[in-house]
Amino acid sequence: MELTHRQEQIIEIVKENGPITGENIADQLSLTRATLRPDLAILTMAGFLDARPRVGYFYTGKTGTELMSDQLKKLKVRDQHSVPVVVNDQVSVYDAITTMFLEDIGTLFVVNQQSMLVGVLSRKDLLRATMGNQELSEVPVHIIMTRIPKITVCYKDDLLVDAATKLIENQIDALPVVIDRQDGQEVIGRLTKTNITKAFVDLVKDE
Numbered sequence: 001m002e003l004t005h006r007q008e009q010i011i012e013i014v015k016e017n018g019p020i021t022g023e024n025i026a027d028q029l030s031l032t033r034a035t036l037r038p039d040l041a042i043l044t045m046a047g048f049l050d051a052r053p054r055v056g057y058f059y060t061g062k063t064g065t066e067l068m069s070d071q072l073k074k075l076k077v078r079d080q081h082s083v084p085v086v087v088n089d090q091v092s093v094y095d096a097i098t099t100m101f102l103e104d105i106g107t108l109f110v111v112n113q114q115s116m117l118v119g120v121l122s123r124k125d126l127l128r129a130t131m132g133n134q135e136l137s138e139v140p141v142h143i144i145m146t147r148i149p150k151i152t153v154c155y156k157d158d159l160l161v162d163a164a165t166k167l168i169e170n171q172i173d174a175l176p177v178v179i180d181r182q183d184g185q186e187v188i189g190r191l192t193k194t195n196i197t198k199a200f201v202d203l204v205k206d207e
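For the sequence shown, full-length UniProt numbering assigns the number 1 to the initial residue and increments by one for each residue that follows.
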């Protein structure tokens with residue numbers, strides 16, 4: 001985030017005199033406590049300053065990069081995931097290829113008649129299927145999909161950095177975001193490398 005001149009002055013005062021009360025900061029800047037309150041709130045929420053009741057404000061010592069890292073570590077999957085694209089396990093490979101092309105995505109999630117997750121289809125899976133001599137409109141996707149329990153999933157309350165680690169470790173492009181149900185796992189979202197890159201870029205822009 002870009003600091004105003006007054007906010008930079010506040011940080012310098014707290015660095016040299018902290019812990020220091022809001023009243024004392026206001027006195028040094030010849031301002032009222034009410035005028036200063038929004039700046040102190042912004043600097044505290046951003047992580048540049050911390051405050052303790054009956055003690056005052058003190059400088060956290062963190063750089064902008066460190067604060068950005070802290071913010072990234074707090075992000076959850078629910079903040080970044082996209083709408084999932086699912087197909088039934090009985091649709092044909094041809095239809096799955098068409099869906100992937102029309103939706104412009106790299107991963108399809110496969111569900112059963114109860115709308116519970118049973119498989120995942122990647123571009124690689126579909127490309128492999130096209131290399132055979134079989135009629136694609138007659139082959140159901142459950143024949144070629146990756147099945148549970150070989151599917152890696154994540155939950156909306158997982159930390160984004162943990163989900164990103166799963167993507168890297170498993171060398172995959174997307175994770176289904178699921179909710180556990182009595183009869184399986186319901187897909188409520190998809191988390192992709194693009195989602196995670198966007199989260200990082202947004203933090204840099206804010207910074």
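Calculated directly from the structure, the hints in this document are not laboratory data.
Since the structure is predicted, the reported quantities are computational estimates derived from the model, not experimental observations.
Take the hints with a grain of salt, since some may be wrong.
Here are the computed lysine-lysine pairs in the DSS-like style, where the Cα-Cα straight-line distance is at most 30 Å [stated by the list, open to error]:
1) K74 with K166
2) K156 with K124
3) K76 with K156
4) K150 with K198
5) K156 with K73
Each hint tested on the structure:
Annotation: proposed proximity of K74 to K166 holds, straight-line Cα distance about 17 Å (limit 30 Å). Note on K156 and K124: the hinted pairing holds, with a Cα-Cα distance of about 26 Å set against a maximum of 30 Å. The straight-line distance between the Cα atoms of K76 and K156 is roughly 7 Å, inside the 30 Å bound, and the hint therefore holds. Restraint check for K150 and K198: the C-alpha separation of about 27 Å stays at or below 30 Å, so the hint holds.
This hinted pair checks out: K156 and K73 have alpha carbons roughly 15 Å apart, not beyond 30 Å.
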